[in-house]
Amino acid sequence: MINKLVLENLKHRWVRTFLCALVVGVQVMSILTLIGLSRGLLQDSAQRAKGTGADIWLKPGASFSISTGQVNEKFVPFLRKQPHVAKAIGVLIVPLGGAEILTTLNGVDIAEFKAFGGGFRMLQGKEPTDPNDLIVDEYYAQQHKLHVGQEVPLLKHPWHLSGIMQGGTLGRLVVPLRTLQLLTGNAEPARISQILVKLDDPNRTVEEVKTLNDLLQGNLTAISYRDFIGQFSISNIPQLQAFIGVMTGMAVVVGFLVVFLAMYTAVLERTREIGILKALGAKPRVIVDILVREAIVLAVAGCLIGIVLAFAAKSLIMQLVPASLQVVTVPDWWPIAGAIALGGALLGAIYPGLKAARQDAIEALAYE
Amino acid sequence: MSRDGLQNSDLDRFIIRVRDLRKTYRVGEVDVHALRGVNLEVGRGEFLAVVGPSGSGKSTLFHILGGLAPPTAGEVNIDGVDLLGLTENERTDMRKRKVGFVFQKYNLLPTLSARDNIGIAQSLAGITQQPSDFDETLRTLGIYGRLDHKPRALSGGEQQRVAIARALVNQPAILLADEPTGNLDTANSDAVLGIMRQLNKTKGQTILMITHNPEAAAFADRTVTMRDGRMEGA
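Heads up: the sequence lines are chains A and B, in that order.
Going by the numbering used here, the first sequence runs without a break in its numbering and finishes at 368.
Going by the numbering used here, the second sequence runs without a break in its numbering and finishes at 234.
Calculated lysine-lysine pairs in the DSS-like style (CA-CA distance at most 30 Å, straight line): (1) A:K74 <-> A:K210; (2) B:K105 <-> A:K283; (3) A:K283 <-> B:K150; (4) A:K4 <-> B:K105; (5) B:K150 <-> A:K4; (6) A:K355 <-> B:K105.
It should be emphasised that the hints constitute simulated quantities derived from the structure, not laboratory data.
Note that this is a predicted model, so its numbers are computed, not measured.
Full structure from sequences and hints, please.
Right, here's the structure in full:
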């Protein structure tokens, strides 16, 4: 019967109930979309790294970062001479900047890359043959409505779009290495961002990583494919973890404020009803219980709305900006986001609940 | 002798026994003596009307007998329970089964149907079964066919009759009614008072009714008058 009273109370003020659940839902959606975006972008990067077919990565620092032109290209032929190194190839990575800060232009020797890992799977057009040729993946082409043969100005340079490739190999945008080096001041001496290495026996990866690190003495850091992919996780990026923490905290605060306001106004509005319940024998804990149950219903409804909104946001993002932002569904975070919403809602119900429980029955019954 | 000094035979005979009941409220820095030594005995199955002008202490007496407010001093015994020593929680428990309230403004929960308004009183008392003759009571009250309506869809008379049903569903020792016809027109007033009298006569329900209306008081077996916090003529 108490549950029925709770539901009827919520139905009675359905606009307030809906708006309250919606705001909680927006917070849940924010958390799920943020986590989905973080994972989506990292998984997308990891997928492209996997698509190169490299066994070992060599880069200047030990942490996850995009470094532009910090590696002397002479390391590439040096590495090719090392035992068990079958192939080595340099890649220059340049962020586009501006509105496309997360998108990078990847310079690679096209012929060498074809030999290294089989090249690109072209959906339209052909791989770059001219120094000014550019290929993009299907997501970038869809987002920017590009078609083969058109001119694409990037880094103040008129590139010619020679083809559209399937996503998941090296980068979204790939151009000839030399042209990119010349454009970005990395030609003299020739510099690159990282070196990909393919071994004659992938099973030797762990030993060869150690051998190369001993050999390079800190000039470059070699890491295995497995470790490199492992770097594409939220736990390896402290700034992202902090950002997620801030967003989660905000969700708790907003959930608290919204439910607090809803419950507080409900208590004021239902003063007489609270008096009736007390006259009928409801103890203070029953009054608190009613408000807590209402808060739980709001949080659960908000959580469900949030999950639906997160799917909608994902769909919208993937339609509008599939190249800039990749979102994945994160069902493992549904209970976490739900718990965050519930926590905020319960905090918001405490004070109004106690206020209601402390109300004097006689005064409450006399309330107009 | 019982622990509060009353004879066991008195306890059996009188379902309400009040001796030298005093109630003092603190309003700001002023003590307001609402009850100044009330003595009252109500027999089992009696229908008593308490009349008196505004400020005479009727409502304070109603609140104390109903366990909504604690007495300051004196003896208040309701069906064998001495209210003076009870904590707020104990008074709340007492209300669930010993007392049924009928208020002037009906005081139904607006979001629940008539049936659920009756049901929640049972739920709060932890009772799952309605009395075997409760359907008959609902028919007597004339609300049997109106139970699925919410209060806003019921007339004032119907709402008050639902409130009476709610007050009776837990088979309380006493039914306390505070100006039960104060918001009703004459026809509905007579109907409600007639039903209360019928319930008193057919089911032996003890009723204490607070009213300032002599015509309403005439429905009772006996009328006592309060003035200035005391029973007149006591």
